[in-house]
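Asks: Fit chain V to the given chain R structure using the hints.
Number of protein chains: 2
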Amino acid sequence: MAQTENSTLQESLKQVSELLHRHQLVETLIHRQDMPRHDLVESLVHKQHLAELQNKLDQLHPADVAYILETLPPDQRLMVWDLVKAERDGEILLEVSDAVREALIAHMDSHELVAAAEQLDTDEIADLAPDLPREVMADVFRSLSAEEREQLRAAISYPEDAVGALMDFEMVTVREDVTLEVVLRYLRRFDELPDHTDALFVVDREGRVHGLLPLNRVLVSDPKTPVAQVMNPQPTVFHPEDKADAAATAFDRYDLVSAPVVDATQKLVGRLTVAAVVDYIREATDAEMLNLAGLREEEDIFSSVWKSARNRWLWLAVNLVTAFVASRVIGLFEGTIEKIVALATLMPIIAGIGGNSGNQTTTLIIRSLALGQITAANAGKLVTKELGISLLNGVVWGTVVGLFAFLLYRNVNLGLVMTGAMVLNLLVAALAGIFIPLVMYKLGRDPALGSSVLLTATTDSMGFFIFLGLATVFLL
Amino acid sequence: MAQTENSTLQESLKQVSELLHRHQLVETLIHRQDMPRHDLVESLVHKQHLAELQNKLDQLHPADVAYILETLPPDQRLMVWDLVKAERDGEILLEVSDAVREALIAHMDSHELVAAAEQLDTDEIADLAPDLPREVMADVFRSLSAEEREQLRAAISYPEDAVGALMDFEMVTVREDVTLEVVLRYLRRFDELPDHTDALFVVDREGRVHGLLPLNRVLVSDPKTPVAQVMNPQPTVFHPEDKADAAATAFDRYDLVSAPVVDATQKLVGRLTVAAVVDYIREATDAEMLNLAGLREEEDIFSSVWKSARNRWLWLAVNLVTAFVASRVIGLFEGTIEKIVALATLMPIIAGIGGNSGNQTTTLIIRSLALGQITAANAGKLVTKELGISLLNGVVWGTVVGLFAFLLYRNVNLGLVMTGAMVLNLLVAALAGIFIPLVMYKLGRDPALGSSVLLTATTDSMGFFIFLGLATVFLL
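Chains R and V supply the protein sequences, listed in that same order.
Residue 502 is where the first sequence starts when you use our numbering, and the numbers rise one by one after that.
Residue 502 is where the second sequence starts when you use our numbering, and the numbers rise one by one after that.
So that you can see chain R by itself, here it is in the shape it has in the complex (with noise of 0.2 Å):
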């Protein structure tokens, strides 16, 4: 009996990890040559550990062993690379992420990188096509039927966030006017049938689909019913060329295992999965939170510090750039600064909380947006709701932040300033946080992209602005 998996994964990243330690040992021993008599011993010991891990390695699912490759250090990752039987390579290519599959790629030659995508299925094909040499793709095509090449083209020409990059081509299929029983005979023909198949897909002569017949429906009815009889004839259907993210919601609402994916005239064209739809729920989600941070791309824990350093430029650039807005507009206020010195102690606060406050508007109004929950009928209320709110906040964090400035200084016109800038830059913030993330997804660009430097860098410079100004003219 297996235990629960994640402890059995961690005992054998230990496992590999020890017997890797072992062999380099050895190794190390070898190098050294310092007991040059006992080389044979050493081979043979340093053999056993080898064939003892390749022995570990064979035994376990290709996700784990793209696992401990992920885990490892360059060096070892390549020496375990090694150890991993041909035949697995494509589909271990598959799992790794990214950063990873790059770097085992760069190391292997076409030869081998033709022999791994031969081991795969053409949707699989396709989702490593991006990253394999442009003559070894060449050789794959070359080795594939008609048939598969159609599919191969199909499946590569999908963005990757639609259902066409996610859908496989391992349809079962059967026709309506025939009885169970035949159903039943004919899956006994198959050796097995593909994973996550839990209904056959009714298709006529022209394979456009009439309806799903569900496997648990063959399994408790009578034999002798016709397939019309127990199928489905409304089945939840995708096209190739429909959202991945209005298909995850679909499976995530429906509770579907499997599904077909027809074109326009209703044929027949690909299958998604709930395996693929929850693989790209937990990249999409994944990559959301790398971008939420500004990281372009997900950085392997050993990628090179000049890699990374790129990686992450684009983002530290752009907010540079609306610091130094920030920074001009206080440059604005710089007599008013130089007569009181306790405003530059003090608008850091205006900023930060109108910054903390509009992010938290701005979240919802994205996870709304999300969810298809805003709506021409119900978007003024939000606006509303939200300028409510920020008054609220302004008036008791307002007074807070106002007393704070008023014990410190003993001023108390400097304390009505505070509050005032602190209501005003809430204010900011709502309108901020409810029309940046409504305009971007208005001109069809990602709210969840952005939204929150923009955010800040209108909060910023508007904080210190109305903080400022209020300053200049009723403190001077």
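Any given hint might turn out to be false.
Any copy, or any two copies together, can satisfy a pair, since identical chains are not distinguished.
Taking lysine to aspartate or glutamate pairs in the DMTMM-like style, the calculated list, with each CA pair at most 25 Å apart, reads [stated by the list, open to error]: (1) Lys808 with Asp640; (2) Lys744 with Glu789; (3) Lys744 with Glu661; (4) Lys744 with Glu798.
To be clear, the hints were calculated from the coordinates, so they are not data collected in a lab.
Replies: Frame of chain R; chain V shown alone:
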């Protein structure tokens, strides 16, 4: 043939809104009483709209009704809710968001709530339990069989993020010594199999799991084969106390559809399905996004201003405290700023870029911790790498901001102080970005919660301190 679900759903929403609108128009007319003679006619039209609406709702999937309820303002929401058939109340309550569920439950009397709960499976009742009044739960308990009570008690007892809280109890079990023919006959006695039954659980007389019999193999194998010969004797199993996160990773990694949940003696206690896992992933991601912005719980678009404001206070209060600290750090250097007012305009740049850079590091560390990629062996490399990146970025961006300061104020020393402060604060940011999430993780807390506030507090205060301190030493 159903279209892609997303467009049909938008269509449904539009129809419901239209019917509601027409209904309200008639209501307004009736209430105005300006055409008393037409009362009867209007009341008929009125009824007709409601009947049409009810008919439309009856055809929708519970998840779609839930979506419509979430999108409608509170008054229309309750009107639609009253039109939903009582026997669908339970399944729809399961699908709506927490905020909307609370509102709907508050609107129902105990009798209706007990009736709704009784429509559900025990694991589903457990999901609703936290929101149901005590006396309703007592009534529900009384209506259950002894076995169901036991299941409900078990399901309620696990924390939200444990496998036990996600599992259901719809297992179909077989013995290993029978043939597939017997299995097929046994299955045919069911009216239908539970959703997501991709495999039968092979158990012994004591209920201990011996293996998994995929339905696919039942279909393709010779009916005379004994179960023991085709079952998978080493299935992935979970324990009720396992973390849901680990289970989600396993489902993703091994492409599972359903898996047995067993106790310490390997006895079957429940079943985990990919549908529950997908729900969990999407809810956990959503909660993480909200928490990143300092929102304690989700907010319904139509939540009251007062309730929403309180939801956001904790975060604003924490940030206010850190802003006060940063403000006092600047206060230490008021004398310096009085002499060189340019420092006030430049200091937010040092603090801001430090915060951005540190957040990039923290995000990568949190991600690597979640993927289990940080080990004692590679932690050292990680620190070296991040410090290297910071040094490189410090020199690059430090030179840029140094030049900016020099060009603005024609002061070489001021430029050099900017550059030096940038290098130092980016090093601080890298160290804080690594150690804050690591320490939180070691203390058993979720590093995604609060790391970012602590980090920004550090980079702000240290940024001001380093920059103004260097200026005091070298420029006065």
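Asks: Could you run down the list of hints and mark each one as holding or not?
Replies: Structure-based check of all given hints:
no.: 1; hint: Lys808 with Asp640; verdict: neither (31 Å within a copy, 63 Å between copies)
no.: 2; hint: Lys744 with Glu789; verdict: both (16 Å within a copy, 23 Å between copies)
no.: 3; hint: Lys744 with Glu661; verdict: within (9 Å within a copy, 31 Å between copies)
no.: 4; hint: Lys744 with Glu798; verdict: within (21 Å within a copy, 28 Å between copies)
Checked against the numbered hints given earlier, the structure breaks only hint 1 and satisfies all the rest.
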